[in-house]
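Asker: Sequence order for the protein chains is A and B.
At position 298 of the first sequence the residue is numbered 308 (the numbering used here), and the sequence of numbers has no breaks.
At position 90 of the second sequence the residue is numbered 83 (the numbering used here), and the sequence of numbers has no breaks.
These are calculated hints, taken from the structure and not from any lab test.
Positions of the beta carbon are idealized from the N, C-alpha and C atoms, including for glycine.
Misleading hints may appear alongside valid ones.
Claimed, not checked - In silico contact screen, one side only, chain A against chain B (beta carbon under 7 Å); selected entries: (1) Leu42; (2) Lys53; (3) Ala60; (4) Phe138; (5) Pro144; (6) Leu249.
Said to hold, decoys possible - Label pairs and their in silico Cβ distance ranges: (7) A:Asn129 <-> B:Ser193: 37 to 43 Å; (8) B:Ser193 <-> A:Ala117: 28 to 34 Å; (9) B:Asn23 <-> A:His304: 36 to 42 Å; (10) B:Gln338 <-> A:Ala117: 19 to 25 Å; (11) A:Phe299 <-> B:Leu52: 48 to 54 Å; (12) B:Val329 <-> A:Ala293: 36 to 42 Å; (13) A:Gly80 <-> B:Ile328: 50 to 56 Å; (14) B:His207 <-> A:Val290: 27 to 33 Å; (15) B:Gln338 <-> A:Ile79: 51 to 57 Å; (16) A:Ala289 <-> B:His207: 26 to 32 Å; (17) A:Ala209 <-> B:Thr315: 56 to 62 Å.
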Amino acid sequence: MDIANQSGLWTKLKLAKPTRLQQEARIGLLFLAPWLIGFVLLKALPILAALVFSLTDFKMLSPETTKFIGLENYIRFFRDSEAGASLLGSLEYFLLTVPLEMVVALALAAIFTSERLKNKRISQTLIFMTSIIPSTSIFFIFLGSLQYAERLIFTPLNLPPIEGFDLLLPFMALWSIGPGFLIMYSAMQSVSREIYEAARVDGAGRIARFVYITLPMISPAIFFTLVINLTGAFGGAVLLDRGYILNFSLSPMEGYINATMFLDADLGYASALAWVTFAVMMALTVFLFRSAKHWVYFPEEDEQNEI
Amino acid sequence: MKFSRNPPHKSDSSRLTLRVWDFTGTAMLNLFMFLFIVAYLSPLAFMVIASFTPRDQFLNPNAPILPSERVKFPYEGKNLIVYQVPTEDGIKNWALYKPARRSSQFIDPQNPEAGPILWEGQWRTLQPIYRFKPTLDNFRDFLAIAKLPLYFKNTLIVALISEIGLLFSSIAVAYGFSRFRIPGGKYLFLLLIATIMIPSNITLVPTYYLFSGHMLNWIGTWLPLIVPHFFGSAILIFLLRQNFKSIPPDLDEAAMLDGAGPLRILISVILPQSIPVVTTVALLHFFYIWNETRLSALYLGIRPDLQLISFAVQRNQSYFFTPEALMVGALLVMIVPVIVLFLSQRFFMQDMIVTQIEK
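Start from the sequences, fold in the hints, and give me the full structure.
Answerer: Structure follows, in structure tokens:
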């Protein structure tokens, strides 16, 4: 409700005549029209269609033989051990990469707040830069680095050879910290100096100040980063989209759905799998938002005009 | 964080110690950051090195890391390879003249007139001598096969057309969300945010079916990559809307009293104050199209002449290229976004984040 109240300029001037209010809403809706139409055509209808597809044995190559098979696709999912493993693999991917990404981003942001650090702007750009490199390049860069790492580090130190793709995930995670790092850094900069000063006078050390002041104060930024990472891990929209590595799927569930869709051309089952993923992701998101009450700090004045 | 400098009531000597510590700490911190960035970006250095490395050297564990070539010595019209040969007088750099299994003949490049020298031993165990020499062969090989100008042109056309549609509709929608009182507007906005989180997989099957030969027959054209952007992008609308909201409404009011309509206000009041964020949004979309591989794979797989750059390079890799040429591909594909980032860094990173955090 506050969306309009805050700006409120149309209201303030024209509230006298209710028809004006209607007119304002009409003009507003006109501006929203592109998105509303797109939402219906490209989001809402396809999602519903996917739900309908998931209840049929729809095959790409023979759409005319499609028939309604009820929940069979979902039952098949629970019997399909490969699908279960893929879903767990995707969760594992989220659980492995996100903490790594967040901790490194947080540590870097903390170092960046130090006034002793020089050349911040260029360092910031260099750290951010890796987050916009297309996945097409990342894949080859990774393979090349493995080759050099083998020669420069592993062979001279007599370490066992590297298991190639095991390192790809942590590597991609470390090279994706850009947005998270910037979000946390700008959050840290906006924490008021006086609070730190007060804590210092009370005898709080460097670490205590970080744990008891910085972390709670930037918890909204941490929460936000977590949400965008979750969204990204399950195939939602991200601000900086690198694109896909075509012959190597980072998220196993996504790879499995793609294989079902394009290799088996089994659109019915693929839709069911996509719906299961969607449901799991929604459950995780709801859980994350519920948990936010307990650990995310929302300043009082923000509660009223939260969105 | 500027803490605990110059605590009160300290003697002069301890203040000096403190200053030494201060200096050491600053030096250590900056050194640490420098080393971190060097390590963090080292894969890029490897990529550049590999791009200039001659063929076969990259995978050869005995060759040096830096791009180099074997040192050769011209003798009797032939180019002889120079090896490190252990002799009684220490290691000599001799050119291999007549290789044989047990003993071989070498030429001393310093004294070629002396003629061939016989050396007992297996020449295959000898180390060749390398000299630093980057090569452009990989670039030539890569560009000969990958039609980079074509992919570049395709990417730019798709980016430009979809950019126009995206900016028009996203700006309009963001304006609608930020300045108008609409019944249920709050719920519409929540819906907008929710759509950001919808996994692309779930809409993929039906939209693929919609674009396929069964309905619209858009496969093998750019339309599936362009048209959806004309309906705006939820995440970019969100970014723009947050920014529009931070513009004080006083100016709109003044303009409205002067008789300006909503569209006039958007164009002459809101947009001039939002140039950085609009540019940021435009750049984010450009990066998206530049990196786009998934839709290209779905809809353009059968039309090599229409493919966009990331997908085309990634697709070609498996059949044509040597590892060194792949590195050239990686370098050429990433260089454009990186240059764009450096040119726009002043506001790009800031506008992407600061507005987001207000959620």
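Asker: A separate judgement is required for each hint: does it hold in the structure or not?
Answerer: Results of checking the hints against the structure:
1. For A:Leu42, the interface hint holds, the least distance from its beta-carbon to any beta-carbon of chain B being 4 Å, beneath 7 Å.
2. The restraint placing A:Lys53 at the interface with chain B holds, with a minimum CB-CB distance near 5 Å, inside the 7 Å limit.
3. Of the supplied interface hints, the one on A:Ala60 holds, with its beta-carbon coming within about 5 Å of a beta-carbon of chain B, less than 7 Å.
4. The interface hint given for A:Phe138 holds, since its Cβ lies 6 Å from the closest Cβ of chain B, which is under the 7 Å cut-off.
5. Because the beta carbon of A:Pro144 sits about 4 Å from the nearest beta carbon in chain B, less than 7 Å, this interface hint is met.
6. Interface hint at A:Leu249: satisfied, since its Cβ lies 6 Å from the closest Cβ of chain B, which is below the 7 Å cut-off.
7. The hinted window of 37 to 43 Å between A:Asn129 and B:Ser193 holds, with their beta carbons roughly 39 Å apart.
8. B:Ser193 and A:Ala117 have their C-beta atoms about 32 Å apart, which keeps the hinted 28 to 34 Å range intact.
9. Taking 36 to 42 Å as the suggested C-beta distance range, the pair B:Asn23 and A:His304 conforms, at roughly 38 Å.
10. Separation of B:Gln338 from A:Ala117 is about 22 Å and conforms to the stated range, judged on CB atoms against 19 to 25 Å.
11. Under the hint 48 to 54 Å, the C-beta atoms of A:Phe299 and B:Leu52, about 50 Å apart, fit the expected range.
12. With their beta carbons about 40 Å apart, B:Val329 and A:Ala293 fall inside the hinted range of 36 to 42 Å.
13. For the hinted restraint 50 to 56 Å between A:Gly80 and B:Ile328, the CB-CB distance of approximately 53 Å keeps it satisfied.
14. Look at B:His207 against A:Val290: about 30 Å separates their beta carbons, and that is inside 27 to 33 Å.
15. Evaluation of the 51 to 57 Å hint for B:Gln338 and A:Ile79 yields a pass: the beta carbon distance comes to about 54 Å.
16. Hint check: A:Ala289 to B:His207, Cβ distance near 27 Å, so the stated range 26 to 32 Å holds.
17. As the Cβ distance of A:Ala209 to B:Thr315 is approximately 59 Å, the hint placing it in 56 to 62 Å holds.
The structure agrees with every numbered hint stated previously.
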